[in-house]
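Trainee: So the protein sequences, as listed, match chains A and B. Heads up: take any position in the first sequence, counting from 1, add 721, and you land on this note's numbering. Note that this note's numbering numbers the second sequence so that position 179 is 177, with each residue one more than the last.
Derived from the structure by calculation, the hints contain no laboratory data. C-beta atoms are modelled at their ideal positions from N, C-alpha and C, and glycine is treated no differently. You can trust all of the hints, since none of them are fake.
Label pairs and their calculated CB-CB ranges:
no.	chain 1	residue 1	chain 2	residue 2	range
1	B	W15	A	D880	34 to 42 Å
2	A	T794	B	A74	25 to 33 Å
3	B	N62	A	G790	49 to 57 Å
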Amino acid sequence: MKKVSSMRLTRFLAAGLLAALIATLAVPVVSAGASTSASSKPTIIIGSTNFEEQAIVSNIWADVLKKAGYNVTVEPALGTRAIVVPAIEKGQIDLEPDYAASLLGFLHGGNPQAAGDNITTAIPADQKALASYGVTVLPASKALDTNVFAVTKATASKDHLTTISSLKPYASKLTLGGPPECPTFAGCEPGLKKTYGLTFAGFKSLDEAGPLSVAALKNGEVQVVELFSSDGNVVSNNFVALTDNKHLEGADYIVPVIRKSVDTSGVAKVLNNIDAKLTTAAISKLNLDVTAQQEQPAAVAQTWVNSVS
Amino acid sequence: MSFFAHVFGWFTTSANWTGSQGIPTLFWNQLKLSVAVVLTAICLGGGLGVFLGHTGRGGLLAVNAANAFRAVPTLALLTLLAIQPAISLKWSGFLASWLALTALAIPPILTNTYVGMREVDADVRDAAKAMGLTGGQVLRTVEAPLAVPFVMAGIRTASIEVVATSTLAAYVSYADLGTLVISGLDTNDAVVAFSGALLVAAMAGLVTLVLSLLTRALTPLPLRRRVRRSLLGAATTGLPAT
Chain A
722 MKKVSSMRLT RFLAAGLLAA LIATLAVPVV SAGASTSASS KPTIIIGSTN
772 FEEQAIVSNI WADVLKKAGY NVTVEPALGT RAIVVPAIEK GQIDLEPDYA
822 ASLLGFLHGG NPQAAGDNIT TAIPADQKAL ASYGVTVLPA SKALDTNVFA
872 VTKATASKDH LTTISSLKPY ASKLTLGGPP ECPTFAGCEP GLKKTYGLTF
922 AGFKSLDEAG PLSVAALKNG EVQVVELFSS DGNVVSNNFV ALTDNKHLEG
972 ADYIVPVIRK SVDTSGVAKV LNNIDAKLTT AAISKLNLDV TAQQEQPAAV
1022 AQTWVNSVS
Chain B
-1 MSFFAHVFGW FTTSANWTGS QGIPTLFWNQ LKLSVAVVLT AICLGGGLGV
49 FLGHTGRGGL LAVNAANAFR AVPTLALLTL LAIQPAISLK WSGFLASWLA
99 LTALAIPPIL TNTYVGMREV DADVRDAAKA MGLTGGQVLR TVEAPLAVPF
149 VMAGIRTASI EVVATSTLAA YVSYADLGTL VISGLDTNDA VVAFSGALLV
199 AAMAGLVTLV LSLLTRALTP LPLRRRVRRS LLGAATTGLP AT
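Sequences and hints are given; from them, build the entire structure.
Mentor: Below, the structure written as structure tokens:
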């Protein structure tokens, strides 16, 4: 039976609360990649950001690297790019899946770079920006995943919306939904304003193209929402992804960002082999398995790796 | 510049004190949500606790059921509610947050109210009955005043939990101090996240202070000294699960 809580308890709770809040500030701590393995093959720590596709790709790479005899640890959902990129720059993780053009924009203070429009220029530009940290970028996979701005079919047909430009007369009456970093992310709200001249009636902070974003659009809480092109949600919910007619989004192919210390020819070969098979269609299907069929990213990844190798 | 100088700089930037994302608005939104949640939980949990404690029937079952409910993660409940079309992000996310947090606040209030009611000395209750007091009179004039310290302890526990946890409401687009914490973490801006956390801690302190004064005011005079003594020596078991 509970005894009465004391004043001390309350004070203790208040102090504990403060401590807990301070603790939440600490960026996710990733165990440093100290390899205990005596073999020549190093332990590779794969980190990823906080949405399903990232978890799937991390697990795909982990599976193929393990098969090739490497020790691999997966650290999923560390946070946004603003957490993961500094982590690899500091050597807290060794490998992370990223998107060539968005990464380039991030590395340039959130400003989209012209080099990001084409994958052949985006990768050298990424490599250049990361070189001083001992980090490089391997050749891109065949999977393209850009941010898309989606509306419901009803909104699209009512206002004859097909492209992002066609939002222009309506934007001031529409609410935009997206991840919390959207107001500061070049490919999101600032880009829509700068490239398309769109100013929305309001912004609602949701998740990274996750269940909240989908539900908010479906329920009419927002009229335009940021989703991902390779994400099955657009198709499975009958949403309309507006065409990016002014090319706000760049060549966001999935690329391995890797520390040079683990970028041996063996590792590169393993990753390049699997990435050559990772197409937009393939990753879209895997995303759908996770979001619509509620399968686990690791299980989905393993099944796919076994089916292609 | 040191980290704390940056935090000081953030607090002294006038832009952070105005508009829909300004400190006063965010603070007020969080306080509004927390107060609404605790008042609802007092009505539901407190009401049920008084009823069960007074009648003495089915109480243990209800209290244990409520405590089992503490295991439900608030974030999961919040997300689940927010994706229901009927609730969604209505009232700018207030509705889903209010419901999810109320589920968090009920157990400590219910448990403490029930225990407070049952801890009333049976002799006192019998004496009141023997003097001819009706059930309602016993409740109002004997049981309720004696249970005040317990009930208020439950309310304080719930309030602190709610103030701290209502930061999650920002996840369903409700603009409160959690907005600072979440966007700070998302953009790797520790200064903003820390400032948000500091404001939450300040609110928790404020709420504790107000409730302590209220507890003192509501506790019957003859009980005050005894309560203080027993509180100082009390075993602090039953730390609430979060």
